[in-house]
Amino acid sequence: MKEINFLKQNARRWEQAEEFLKNRKNRNPDELAGYFIELTDDLSYSKTFYPGTATTRYLNELAGRFYHLIYRNKKERRGRIISFWKHDLPEEIRRSRRHLAYALLVFVAAMFIGAISSANDNTFVRLIMGDHYVNMTLENIEKGDPMAVYKKMNETDMFLGITLNNIRAAFAAFTLGVVFSAGSFYVLFTNGVMLGAFQHFFYEEGLFIDSVLSIWIHGVLEISAIIIAGGAGIMIGASLIFPGTYSRRQSFMNSVRRGIRIITGIVPMFIVAGFLEGFVTRHTEMHAGIRAGIIIASLLFVIWYFIIYPLRLGKEIEG
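With the working numbering applied, the sequence shown corresponds to residues 355 to 673, in that order.
Worth flagging that the hints you see were computed from the coordinates, not collected in a lab.
Just so it is clear, the structure is predicted and the values come from calculations on it, not from any experiment.
Think of the CB as a built atom: it goes at the ideal place given N, C-alpha and C, for glycine as much as any other residue.
Certain hints may be false.
Claimed, not checked - Calculated lysine to any residue pairs in the SDA-like style (CA-CA distance at most 25 Å, straight line): (1) Lys505 x Gln553; (2) Lys497 x Thr477; (3) Lys440 x Val656; (4) Lys376 x Thr477; (5) Lys401 x Arg411.
Said to hold, decoys possible - The following label-pair restraints were derived from C-beta to C-beta distances: (6) Phe466 x Thr638: 25 to 33 Å; (7) Gly643 x Pro622: 54 to 62 Å; (8) Ala646 x Arg611: 36 to 44 Å.
Full structure from sequences and hints, please.
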């Protein structure tokens with residue numbers, strides 16, 4: 355069967371399924387299960403004969419929404435909070451994986467640009483970080499305490515200030531995506547260039563390992579969360595450019611709701627990263643093995659929860 359005929363044959367039934375989802379009152383459990391079975395059958399057929407098409411992506415998303423509803427109904431007694439962390443957020447991450455991948459690629463590319471630019475121009479790091487910060491860091495290096503900047507403030511004040519600042523940065527990366535994703539790309543690019551130049555600066559001073567063991571104690575969670583926020587912003591912009599089967603307005607509203615879930619989900623990462631930066635990073639006398647352990651544990655958490663677990667959850671949804 356040609357794809358256009360498949361669409362014509364089933365479009366009305368899919369519209370009815372969407373209407374069923376919109377009607378939050380008087381949902382019949384038998385109808386819910388019936389729609390889910392039909393959609394998974396359609397999805398299986400579409401993946402076999404029309405792999406990678408918009409039709410397959412649409413059915414995958416629609417079936418996922420029914421699975422989500424069934425799962426939520428089954429687990430309601432456990433509470434919405436547990437359901438959010440165990441299912442809702444990972445599912446949103448999975449559905450947004452393409453936009454998150456774009457965000458990661460932009461950030462990593464910008465890091466390389468920042469490092470290479472700094473390597474070829476000694477003044478570049480001053481342009482990016484500012485003369486005051488560079489001079490202060492050089493003075494700290496001469497005093498034998500390169501990371502003294504993390505010890506200037508009271509622990510609690512630093513924790514609160516850093517956490518709020520990072521949440522604002524993530525919110526900017528997210529909301530600026532409304533400018534057809536350009537704003538999110540800009541935030542990711544500028545932050546990536548800054549980090550690349552910053553790390554190369556310490557490399558030039560012969561302190562690369564020391565800087566990694568200090569900065570990335572909090573940086574793994576902090577940077578990962580900013581990239582995720584940027585990916586959510588890119589998703590918003592993409593919804594305006596490529597609305598798919600929805601109206602542009604409906605596509606935008608759907609992506610905003612999904613993006614808000616993602617941003618809500620990464621706030622705890624900023625809180626933990628702020629705590630680490632305020633209370634732990636400053637202890638440069640800490641054994642290198644302990645610092646490396648914190649970094650590795652944070653990295654493993656990010657890889658598991660934001661990559662492996664969502665993909666496993668997706669396989670369950672798709673059967």
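Verification of the hints:
Restraint check for Lys505 and Gln553: the C-alpha separation of about 19 Å stays at or below 25 Å, so the hint holds. For the given pair, Lys497 sits about 23 Å from Thr477 by alpha-carbon distance, which is consistent with the 25 Å threshold. Between Lys440 and Val656 the alpha-carbon distance is near 14 Å, which keeps this suggested pair within the 25 Å criterion. For the given pair, Lys376 sits about 57 Å from Thr477 by alpha-carbon distance, which is inconsistent with the 25 Å threshold.
Taking the CA atoms of Lys401 and Arg411, the gap is about 9 Å. The hint holds against a cut of 25 Å. The supplied range of 25 to 33 Å is met by Phe466 and Thr638, whose beta-carbon atoms lie about 27 Å from each other. Gly643 and Pro622 have their C-beta atoms about 26 Å apart, which leaves the hinted 54 to 62 Å range violated. Separated by about 39 Å at the C-beta atoms, Ala646 and Arg611 satisfy the suggested range of 36 to 44 Å.
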